[in-house]
Amino acid sequence: MESIELANRIRIHALKMANSGGGSHIGSALGISDILAVLYSDILNIDPKNPELINRDRFILSKGHAGAAVYATLAEVGFFPIAKLETHYQDGSDLSGHVSHKNVPGVELSTGSLGHGLSVGVGMAKAAKLDKKGHKVFVLLSDGECDEGSVWEAAMFASHHKLDNLIALIDYNKIQSLDTVANTLALEPFKSKWESFGWNAIEVNGHDHTQLKSELVKIPSINSKPTVCICHTTKGKGVSFMENSVLWHYRCPRGEEFEMALKELKEKK
Amino acid sequence: MRDHFINELSSLIDEFPNIILITGDLGFGVLDDFRKNYPDNFINAGVAEQNMTGIATGMALEGKIVFTYSIANFPILRCLEQIRNDACYHGVNVNIVSIGGGFSYGALGISHHATEDLSIMRSLPEITVVSPASFWEVEQATRAIIETKKVCYLRLDKSAGMDIDNNLDEHFIIGKPRILTDGDFCTIFVTGGILEEVWEAHDELQSLGYRIRIVSVHTLKPFDGSIVLNAAKQTGGIVSVEENTLDGGLGSLIAETLLDNGVTPKKFLRIGLGSEFSSIVGSQKYLRKCYGLDSKSIVSKVMKLIQG
Chain A
-15 MESIELANRI RIHALKMANS GGGSHIGSAL GISDILAVLY SDILNIDPKN
35 PELINRDRFI LSKGHAGAAV YATLAEVGFF PIAKLETHYQ DGSDLSGHVS
85 HKNVPGVELS TGSLGHGLSV GVGMAKAAKL DKKGHKVFVL LSDGECDEGS
135 VWEAAMFASH HKLDNLIALI DYNKIQSLDT VANTLALEPF KSKWESFGWN
185 AIEVNGHDHT QLKSELVKIP SINSKPTVCI CHTTKGKGVS FMENSVLWHY
235 RCPRGEEFEM ALKELKEKK
Chain B
22 MRDHFINELS SLIDEFPNII LITGDLGFGV LDDFRKNYPD NFINAGVAEQ
72 NMTGIATGMA LEGKIVFTYS IANFPILRCL EQIRNDACYH GVNVNIVSIG
122 GGFSYGALGI SHHATEDLSI MRSLPEITVV SPASFWEVEQ ATRAIIETKK
172 VCYLRLDKSA GMDIDNNLDE HFIIGKPRIL TDGDFCTIFV TGGILEEVWE
222 AHDELQSLGY RIRIVSVHTL KPFDGSIVLN AAKQTGGIVS VEENTLDGGL
272 GSLIAETLLD NGVTPKKFLR IGLGSEFSSI VGSQKYLRKC YGLDSKSIVS
322 KVMKLIQG
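One line per chain: the protein sequences are A and B, in this order. Take the numbering used here: the last position of the first sequence gets the number 253, and nothing is skipped along the way. Take the numbering used here: the last position of the second sequence gets the number 329, and nothing is skipped along the way.
It is worth saying that the hints were derived from the structure and are not from the lab. It cannot be assumed that every hint is accurate.
Unchecked claim - In silico BS3-like links for lysine-lysine, alpha-carbon gap of 25 Å or less:
no.	chain 1	residue 1	chain 2	residue 2
1	A	Lys117	B	Lys170
2	B	Lys317	B	Lys179
3	A	Lys146	B	Lys57
4	A	Lys209	A	Lys177
5	A	Lys209	A	Lys117
6	A	Lys86	B	Lys170
7	B	Lys197	A	Lys86
What the hints assert, rightly or not - Computed far set for chain A versus chain B, every beta-carbon distance over 12 Å:
no.	residue
8	Glu(-11)
9	Asn(-8)
10	Pro65
11	Asp75
12	Gly90
13	Ser97
14	Ser134
15	Phe141
16	Leu162
17	Asp163
18	Lys209
Cβ coordinates follow ideal geometry from the N, Cα and C atoms, glycine included.
Take these sequences, add in the hints, and give me the full structure.
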């Protein structure tokens, strides 16, 4: 499947999942759909029929609250039946609001508390280096997540240990839980922060599939350095009234709002 | 205890080449030989316990047998959420080693008093909590926790109690307490190096003509409670001794076991720390006396309980 088609399917699933389950974080899920679509279409070496493949690339969603988008992606590429998505957020389901690995093939790590995923990814990357394995480890973080000190502990360790098989992707939509990033804890100068921690840092438009592919396929472009790909994104991307809105970090799409959003996404097909 | 742990771990490398020891920048002098002899099995994560624990999980997910190592509360409380969400929930072979249980670092102040760790760690799901009382138990536990293939907490003390001499053929089993000496005056359940105080109390009581049963509870979780139920029936009372808060520790475990099984002991006493910080400092021995955990206090509390 082409990545643009996959991204749109992820968005529609995520919207329906948020609606039927009464879930929140739809803005986050929509915002990372293009990144996930490119990764799972064109970048990650994975086999949905063999989720435990030894030399598979590892992907961790550290911003676990956007789990709906990952579940949708995994189902679309064949890790489990698409029908399972209908159970999301429902009584008795395996598909929790924050991404969980139990009984969900393809999920490498359960997250939900911010600031955990990069360290675990660093451990995976370090183990791969020790074992002389060639696969890569991708970790997708949110911008607000970079408030967590543990992210920077992991950043220091990764560069010190020259983990060029590690790629951090940042969903840099510039909005966090209550306000903008700039008004909360300013991250800028963000790129140079990562560079000063010893990382190779690149910036991309997180919705431009061509650019995402061309940049991600080049990694590692600098030997012995981990890479951070700062993805400039729009929270709620794809639904006009959800874009760049703190409200849609929390609000569940219901009734007329749900129908309008679904119509917009379907028209993009 | 730490020397016995590190020596045992070193001896296991040939058998388990996937062992990785990650320290949080502690172990000066103690880890030197390990680092020199097994550089590929050693990582210093720096002063960053959250990251250390996250890395441990990532490496264990890739098949490594990981030990994290630091002192007192640093490898547990500082990174408790990483232990819970990352290590325990994913059921990986991460073994958290804390050097300095209880008042081992008594003179360093409350930051270094690991006096709630047993309670906190035993409340986590899918974890094994081991608190050896003797050098023999440390050595046995080091191998045993590897073999659980899940998350374990290993609390090591600066002090250690004497073990029995005839344990050469004994098989150490996680979760199964050990009777170190038998008697019927009462049973003392003890965990960790404070066994040394219990042995002294035992000798004192014996000189007075009272024989007590000592049970080393080297594993608080899982726990085979049958030994508690038998002790309640066979001996004059149940006493627990721990260098840990009374809130949720060994004494609580014993009480829960009795009540859950509808067994009432003839007498019951928990000896441990109250819900307070120790703002005074001192050696482990000194602080045990201050808080009524030393052998003399144990003797007088036991005598009062059984005969008072």
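(request) Report the numbers of all earlier hints that the structure fails to satisfy, in ascending order. (result) 7, 13, 14 and 15
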